[in-house]
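Asks: Let's have the full structure, built from the sequences with the hints guiding it.
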Amino acid sequence: MTTAVLFDNVSRHFGAVRAVDRVNLQIAEGEFFAMLGPSGSGKTTCLRLMAGFEQPTGGHIEIFGETAEGVPPYRRSVNTVFQDYALFPHLSILDNVAYGLMVKGAGREERRKSAEDALAMVKLPGYGTRRPGQLSGGQRQRVALARALVNKPKVLLLDEPLGALDLKLREQMQEELKSLQKSLGITFVFVTHDQGEALSMADRIAVFNEGRIQQLGSPEEVYNQPKTRFVADFVGSSNVLSARLCQKLGLRAAFASLRPEAIAIAAPHNGALSLSGTVVAQSFLGATNRIVVDVDGARIAVASPAAHGIPSIGSPVTISFAARDLHPMEDA
Amino acid sequence: MTIVAESSVLPERRGTVGRLSDFLWRHPHMLLAVLLGPPLVWLGIVYLGSLFALLLQSFFSIDDFSGLINYEFTLATYGQLLSETNLDIILRTVLMAATVTLASALIAFPIAYYAARYARGKWKALFYLGVMLPLWSSYLVKIYAWKLILAKEGILTWFFEKLNLLWLLDAWLALPVVGGNSLSVSYTGTFIVFVYVWMPFMILPIQAALERVPTNLIEASSDLGGTPAQTFRYVLFPLALPGIVAGSIFTFSLTLGDYIIPQIIGSSRLFIGQAVYAQQGTAGNIPLAAAFTVVPIVIMGAYLWMAKRMGAFDAL
Amino acid sequence: MRSEKANSAPLGLKVAAAAGLAFMHLPILLIFLYAFTTEEKSYQFPPPGLTGQWFAVAWNRPDVWAALTLSVKVASIATAAALVLGTLCAAAVSQTRFFGRETISLLVILPIALPGIITGIALRSAFSMADIPFSFWTIVLGHATFCIVVVYNNAVARFRRISGSLIEASMDLGADGFQTFRYIILPNIGTALLAGGMLAFALSFDEVIVTTFTAGQQSTLPIWMLEELIRPRQRPVTNVVAMIVVVVTFLPILGAYYLTRDGDQIAGAGK
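Protein chains in written order, with our numbering: chain A, 75 to 406; chain B, 9 to 324; chain C, 747 to 1017.
I should point out that these hints are in silico values taken from the structure, not numbers from a laboratory.
Where is the CB? At the ideal position from N, CA and C, for every residue including glycine.
Hints may contain errors.
DSSO-like, lysine-lysine: derived pairs with alpha carbons at most 30 Å apart [claimed, not checked]:
| id | chain 1 | residue 1 | chain 2 | residue 2 |
| --- | --- | --- | --- | --- |
| 1 | B | K155 | C | K787 |
| 2 | B | K170 | C | K787 |
| 3 | C | K787 | B | K160 |
| 4 | A | K242 | A | K178 |
| 5 | B | K170 | C | K760 |
| 6 | A | K197 | A | K187 |
| 7 | B | K130 | C | K760 |
| 8 | B | K170 | B | K155 |
| 9 | A | K252 | A | K187 |
| 10 | B | K132 | C | K760 |
| 11 | A | K178 | A | K197 |
Residues of chain B clear of chain C, computed beta-carbon distances all greater than 12 Å [to be verified]:
| id | residue |
| --- | --- |
| 12 | V42 |
| 13 | Q65 |
| 14 | T82 |
| 15 | L83 |
| 16 | A179 |
| 17 | A182 |
| 18 | G187 |
| 19 | Y204 |
| 20 | Q238 |
| 21 | L264 |
| 22 | D266 |
| 23 | T301 |
Some, not all, of what chain B presents toward chain A, calculated at C-beta under 8 Å [to be verified]:
| id | residue |
| --- | --- |
| 24 | R27 |
| 25 | D30 |
| 26 | W33 |
Replies: Have a look at this one:
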C-alpha cells in the first residue's frame, strides 16, 4: 500500500505556542482520513502543513514519497477546499473552476470542457456563467469542490467542509462526499470538530488535542475504546470513571470509560457489573432518555431507550453494564 | 496532464519569473523587504530624515552679527522661543485652536447625528457626499469665498443692512480683542474661516462613532425610563466622545499649524504658523523657526497620547 | 421595523443639521455667482450685473494655463508615485506579519497628521542642506509624501476585505506569486486603487502649504491663487479660476465615491 502523506515527528511552533507538537501520521493512498479535535488543537495547522501554507519547524513531511518541505503550495499536487470556500468573487463560476488549469497554461477549450465536466460531477451543470455571490452556501461548497477536483489532485484537503451548512444539507453532503471519494479513489483528508461527521465518513480518525494526536484508529476503535480521557470525553461524551470507582468494580486503572448507551437501568444478570445510586437529572431526547445517576458523588449519564420510561428524580436505581464495555484508559 | 499527475510535486518553475516566485516564497523576509523597502526609504529616510534634521537645527543658534547659523549645541534658541512675544503667539494659537475645535464639534454633531441615526438609503449617500465635497474642495477657494463674504462691500454687510441689524455688526466690531475695522481683519473673521475650513473633518469620525452605537442601546435606555435628554447625556454622548476626540485631532492640529488663513483674513497679530514662516523666510532664522515647529509637535504629541487613552483611534 | 416608522428626527435636530450643511455649501455656491459678476474692482454684493466675458479673459491668460499645466503634471506624477508606494506599504502591512506594523501606519499618516508647514520647512531645509535646487521634482517629492496615505488607506481597507484564503486558494490551485497578484489581487483591489489615486490627485492638485516651501520660481495653480489672494490683480479672473478649481476637484471625489460606495467608505476623513 502506498503512503499518501507521511508526518515524521512534525512540529509547528509559533513562538512559544506549540500548534503542532511532534506528530506522526501515515495516510494511505485512497483513504478517507479525518482529523478531529476542538479548535486550537492543531488539526487545521496539520492540514495547512500538507497544503504548504505552513512550514514545519521540526520533523519531516512526505507526500507520495517526495519531500514536501520547501515546496510551495503551487507546486504540490494537493488541493484544498477551504472552510469559507474562498471562491474568487470577481470571476464567474466557470472561471473559478478553470482557474487551476488556466494558471498551468491549459488552452481555453480544454479549460472550458474540464470545468464543465467538473461542475456536472458536483451536480451543478450549467451554473458556469453565474457569480459566486449568486449561489447558496451549499452550491458554493460544491463549486469549491469542483475547483479543487478539476486539477486531479493526488490528495484533496477539506477544511471543515460542512461547517457552514445546515443540518439537512450537511447529511446529504456527507453521503455525496463519501461516494465521490469512493468513485474517484483520491485520498481525502478532512478536518472537523464534529465527531459525528468524522465517525460517519472517515476510514480512520486522528483525534487531536493541544497539538498532539491523542488517538489514531478506525471510527469503531476511537468510539468504543478511547485511549485517553480526552478522547472519551470528546468523542461521544463517555462517562469517565475514577480510579476509586474502577477499584470498586474490580478494575485496576487510573480511569475507565463507559458509554452512556452501554448502561441499562436494571438489575445485573449474566455476570454483568453494577452500581447503585440516585437519579439526579433526566431529560427526554426523543428516541432515548438521558438519565444522570449519582453514584457516590460521581455522576454517570445513562442513555436509556425511551420505551423503558423515566425514573423520577431522587429515586434509587441500579445501573448495570457488561464488563467488556468498561475500557481502561491512560492518564491524560 | 498525465505527466503532471505522475508526481506529487511539480517540477521547479522555469524562467526568471518562476524562479523569483519560488525564491520569494521560500524567503518571506525578502518579500517583505521588497514590499516595504521603497516606502520605507521614502518615508523613513527622506521624510523622517528631513524632520529630524529640522529638529536638530533648533539646538543651534543664529549669530546676531553675521546672520549665519552657529553649529554648536545650545539651548539659547529655546530661550528665545520662551520670550514674552513668542509665548503670546503660542498662547493665542492654542486658544484659537481650542475654540475652533469646540465650535466645530458643536456644528458637526447634529449633522453627524442626523446622518448616523436618521438618514437612510439615498439620503445617507447624499449626506455623505454633502460632507465629502466641501471637505475636499479647494482650501484656497474656501478661503477666497470668505474673503468675498466678509469684505466690507460683501454679502454679509448687505445681509445685515437688509435686516436693519447693521448696528449689531458695528457693536460687535467695536468690542476689544474680537473686533476690528471690518470682519475680514478681525479675530472673529479668522475664527469663522478656521471653523469653516476645518469643521468638515469633525463630522465623519463622529458619525462613525455614532454608527457603532447599536440601536437597541438607545431602546434599552428609554425602556429603563430614560428621557431622550437623559439617553443622550448618559448613553449616546459618552459613546460618541471618542469620535469627537478623533475629529478634534484634525481640527486642533490643522488650526495649530495654519499660516495662510490668518495671513489673509485676520489682524496683524501672528499665529505660530506665521511666526515659523516669517522666521524661516524674511528673518532667515532657521533655528528659531525649527524651535517654533517643536511647539505644535509637542502639543499634538500630548494630544494624541491623551486621545489614544480615550480610545479615539478606533473611531478614525 | 416598528422603530423605523416611529423614528423621525426631532425638529431641532433637523434644523441644526440643515443649517450646518448650508454653512458648508453656501460659500462655495457664492463662488459660482461671483464668476459672472460685472464688477471688477471690489467684491460688491449683490453683483451689479452678470456677464460671461471673464471666462474668455481667463481662457486667454497664459499665466493661468502655465499654472494649470504645472499642477496637472505635478499631481499626475505625485499620484503615480503615491500609488506604487502606498500599495506596496498596504500589501506589506495587511498581507504579512512583522514587528513594528503599527509604526508603519503611524509613519504613513505622519505627513498629514503634522501641520503642513512642518513638512514643508523640513523638506525645504533638507533640500538646501543637500544642495538640491528647487525644481519640478522637489514639488513632486513633497506632494507624493503626503499623497501616500490616501492610497494606503484605501488599499488597506480593501485588502482587509479580501479574505486571506483567496490568496491561499490561488496558490493552492497552482498560481505562483506573480500569477496570484495579476489574476486575484489586482482585480480585487483595482477600484480601491483607482479611488485612492483620484483622491491623491485631488489632494495634490489643491495643495499649497507644502508647495510654498518646495517650489522655486514655479507656480502651481494654488500658488497662483494664493498670490491673487494676497495681491489681487484681476479679481474676475480669480473668480473664474476659483470656480474651475471647485469643479475640477469635485470630479475625482465623485468618481472615488462611486468606485468605493459598496463596501468600504473612502478614506476621506484622512485628507
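Asks: Which numbered hints does this structure break?
Replies: Checked against the structure, the hints that fail are numbers 4, 12, 13, 19, 21, 22, 23 and 24, while the rest are satisfied.
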